[in-house]
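Please work from the sequences and hints to get the whole structure.
Quick note, the sequences are listed as chains A and B, same order. With numbering that gives the first Met the number 0, letter number 87 in the first sequence gets 86, and the count goes up by one each step, no holes. With numbering that gives the first Met the number 0, letter number 731 in the second sequence gets 730, and the count goes up by one each step, no holes.
These are calculated hints, taken from the structure and not from any lab test. Mixed in with the good hints, there may be bad ones.
Derived DSS-like pairs (lysine-lysine); straight-line CA-CA distance at most 30 Å [claimed, not checked]:
{"#": "1", "chain 1": "A", "residue 1": "Lys78", "chain 2": "B", "residue 2": "Lys444"}
{"#": "2", "chain 1": "A", "residue 1": "Lys78", "chain 2": "B", "residue 2": "Lys475"}
{"#": "3", "chain 1": "A", "residue 1": "Lys78", "chain 2": "B", "residue 2": "Lys822"}
{"#": "4", "chain 1": "B", "residue 1": "Lys822", "chain 2": "B", "residue 2": "Lys787"}
{"#": "5", "chain 1": "A", "residue 1": "Lys78", "chain 2": "B", "residue 2": "Lys588"}
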Amino acid sequence: MTTSIERTWTAVCAAEAVPEYAGVAALLDGGVQVAIFHLPGDRWYALSNWDPCSGAAVLSRGIVGDAGGVPVVASPVYKERFTLDGGQCLDAEDVSVPVYEVRVREGVVEVESP
Amino acid sequence: MPTLVVAGHGMVAHRLVEAVRAEDPSGNWHIVVLSEEPRPAYDRVALTSYVDTWDPASLALPGSDYAGDPHVDLRLGELAVSVDRDARTVTTASGAVVSYDALVLATGSRPFVPPVPGHDLAGCFVYRTIEDLDAIRAAAVDKPGRGRRSAVVIGGGLLGLEAAKALRDMGLSPHVVEMAPRLMPLQVDEGGGSLLRRLITSLDVTVHTGTSTDAIEADGSRLVARLGNGTELDVDLVVFSAGVRPRDDLARQSGLEVGPRGGVLTDASCRTSDPAVYAIGECAAVDGRVYGIVAPGYAMAEIVAAQLTGGSGEFPEPDTSTKLKLMGVDVASFGDAHAKTEGALEVAVNDAVAGTYKKLVVTDDGKTLLGGVLVGDATEYNTLRALVGRPLPAEPGAILAPAGGGAAVGVDALPDAAQICSCNAVSKGAITRAIHEDGCDTVPKLKACTRAGTACGSCVPLLGKLLSAAGVEQSKALCEHFPQSRAELFEIVQATRITTFSELIARYGSGSGCAICKPAVASILATLGNGHVLGGEQMTLQDTNDRYLANLQRNGTYSVVPRIPGGEITPEKLIVIGQVAQDFGLYTKITGGQRIDLFGATVDQLPLIWRRLVDAGFESGHAYGKALRTVKSCVGSTWCRYGVQDSVGLAIELELRYRGLRSPHKLKSAVSGCARECAEARSKDFGIIATENGWNLYVGGNGGTTPRHADLLVSDVDTATLIRTIDRFLMFYVRTADRLQRTAPWIEELDGGLDHLRAVIVDDSLGICEDLDAAMAKHVDNYADEWKGVLEDPEKLARFTSFVNAPGTPDPAISFRSEREQKVPVMLGVPEVRR
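Have a look at this one:
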């Protein structure tokens with residue numbers, strides 16, 4: 000674990016363990032689940048793994064793609080799409096999921112600790 | 000509660016009951032239906048197809064037994080014999096007396112048997128009910144004659160030709176005798192009649208026109224029909240099909256007025272001379288005129304239902320247009336087919352080479368269409384029929400010109416009042432309103448909103464054209480990333496041999512894909528054989544079910560279904576499943592497809608469970624995939640006293656042959672070992688029913704929200720032919736269907752429907768059968784169990800973890816409680832997260 004001035008980071012896995020357009024789930028302190036996604040161009044995103052539309056912790060298992068060019072993940076349960084950069088749901092009004100900071104340092108994926 | 004009594008239960012009576020129940024859901028009317036026949040209303044229009052299966056269920060009309068409806072009392076085998084209009088009661092043959100507040104006579108018609116001497120000899124039949132056909136069949140089978148047996152049909156109209164077809168399908172040589180100088184004299188003119196005669200004769204039916212039948216005489220166990228022209232026909236049986244007469248006995252007995260040519264006389268609202276009594280269907284003479292086809296009968300049923308439920312209605316200008324396919328020959332007539340209008344002109348094109356005859360009847364200035372006749376090719380029937388009484392968009396001669404040179408009649412030319420769906424009386428105006436005002440932008444939405452195209456379906460192509468004409472782009476684009484349809488993408492992937500999604504989207508699409516196109520392309524890649532479905536990039540294309548090779552359930556856990564081919568399983572394997580379920584604490588349920596579903600497995604548990612199952616000889620059941628699910632079977636001739644073939648053996652062979660085949664939607668199948676159909680094969684995408692001579696193959700059935708019985712594709716084929724036909728059916732479907740389109744709507748949307756499908760995969764009309772056969776052979780050769788593939792590959796196994804940073808830790812959000820001694824999910828609330 001490394002520390003920065005504002006945030007605490009949790010090392011999660013090797014970057015090479017997450018293929019492009021794939022998602023993985025990480026279990027953080029306090030039982031918080033984060034879904035981490037990897038897009039081409041070394042772009043990384045992290046959302047809460049919890050899907051507010053189904054009540055199941057499954058967003059990391061959704062299909063990653065884009066809606067009009069905006070990167071999204073579609074929940075595997077009822078297929079609502081969430082933007083990867085803002086957590087906004089495109090298919091349900093006033094629904095969003097928390098977004099987490101994520102970075103890769105020395106080949107290791109790190110997420111902002113809650 | 001007032002009582003509505005319906006005398007008769009044919010198609011029109013059923014439509015009436017349905018319509019009243021739809022408008023009166025709370026049951027203000029108590030409805031008593033008195034049916035003479037021993038079974039609920041069935042599809043009498045399709046009576047001839049009964050010969051394909053000899054299964055009355057094949058003609059069933061959905062919901063016609065009103066099971067579970069407390070407001071409808073259907074009394075079968077209960078003929079209404081008299082009406083007392085003062086007491087408002089109906090008395091039945093069994094002596095029951097039923098009081099009514101409103102009475103609807105829907106007694107239909109009876110076959111007319113001309114009074115020729117000998118018409119009542121044994122071996123003489125009529126053609127109207129399932130019982131009539133059963134009797135004809137019994138007589139045909141009863142007479143093991145020397146050589147081919149023969150029959151004569153008296154009457155060469157619509158029904159007579161249908162009867163001839165049924166007799167031919169039973170293996171008899173039919174003759175048809177018609178008094179008029181041509182076949183189908185009511186619908187077809189002389190030019191069409193002579194072509195029709197030529198086409199029908201070429202189908203092994205001997206046609207005698209312009210002659211009466213003078214006598215039927217017994218000759219030993221056979222019959223001789225003496226024709227007015229001196230011909231003597233030596234036959235095994237005689238079928239009278241010389242028209243029908245309205246059954247107006249109840250009206251005559253109770254003193255209601257009858258029409259000048261029979262039938263219960265009613266006004267335009269179908270009310271008889273007694274305001275409490277209505278008459279609908281073939282027994283009614285609306286404003287004095289009797290109609291012998293179902294569409295006007297349906298219109299009458301709707302009008303009476305409207306009046307009974309507080310609305311009103313009048314019988315519209317009836318459409319007596321006819322289109323049918325007789326033994327593969329298109330015959331259609333519409334409007335003033337015989338040019339009876341004063342000054343009417345006829346323009347006809349008789350193409351003896353192509354085997355088509357087309358005639359338009361127009362006004363004396365040649366500008367307005369009055370009617371027409373089409374024989375051999377009735378493609379333009381729908382548009383032309385809708386144009387009757389309207390200005391023609393081009394010169395009649397140009398419209399009739401052979402395809403390619405002709406001025407096609409577009410839907411633009413139709414006025415708003417033109418009727419598009421004559422079964423349900425839906426006008427072009429109603430459809431365009433549904434498009435513009437109700438936002439219907441697809442054919443299925445139009446069907447649901449307007450009911451157009453929901454009865455015979457012949458106007459469905461016009462619905463698509465109306466959408467296009469209204470500027471609604473009938474986009475075939477798979478999604479925002481691919482402008483192509485699924486079928487086009489299949490062709491592209493096949494032709495270019497592209498093996499990855501990223502190459503396909505880079506060359507033929509845009510963006511990075513989505514949850515629609517990724518699984519669709521993954522399915523195409525899998526069908527064409529590109530290795531394991533989780534290999535390389537393919538893993539990221541799969542929907543969660545395919546990615547974890549299990550079925551996602553509501554709490555984020557998965558269920559596991561091992562394959563149990565044909566539903567046959569040894570006690571030893573059954574014990575293994577039980578032990579696995581016990582050891583992993585899985586909820587266990589028997590599925591509808593004769594296998595066992597194990598619920599509540601976490602992602603981490605899946606490989607552990609499958610290690611045990613694979614070691615015991617199980618393999619993936621593909622319950623998670625758009626792929627072949629199961630081939631269900633009855634126990635068949637091995638054990639069953641009634642079975643005629645080994646249905647279990649065939650089901651296992653088919654399930655092992657097609658397992659793993661990725662398709663546009665799930666595929667279900669079943670095999671029944673006899674006509675009792677215990678495996679429910681006709682509710683499957685492809686269902687097989689054993690016959691004494693082989694197998695009947697049915698295609699396009701499904702359960703679900705729109706249940707549908709499969710249709711007969713081929714009959715009495717041997718096992719090799721059956722398998723070859725299914726191979727081609729499945730490959731053709733997999734290549735050309737839309738995403739998530741099951742076989743029934745796929746067949747419905749094929750131009751030419753089931754006949755086209757049969758032409759392609761049985762007669763090889765497109766010359767692609769060799770290719771389809773090779774593709775299926777490749778699938779069968781390359782099949783490998785997907786779960787075994789995962790267990791043997793550490794890289795794939797590593798992806799089955801709930802948490803990348805804590806492998807083996809179960810998801811803390813998943814919890815269970817106990818119900819009926821098994822665990823079931825508990826849905827937890829929102830995990831607390833801060834930002």
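Broken hints, by number: Failing hints: none at all.
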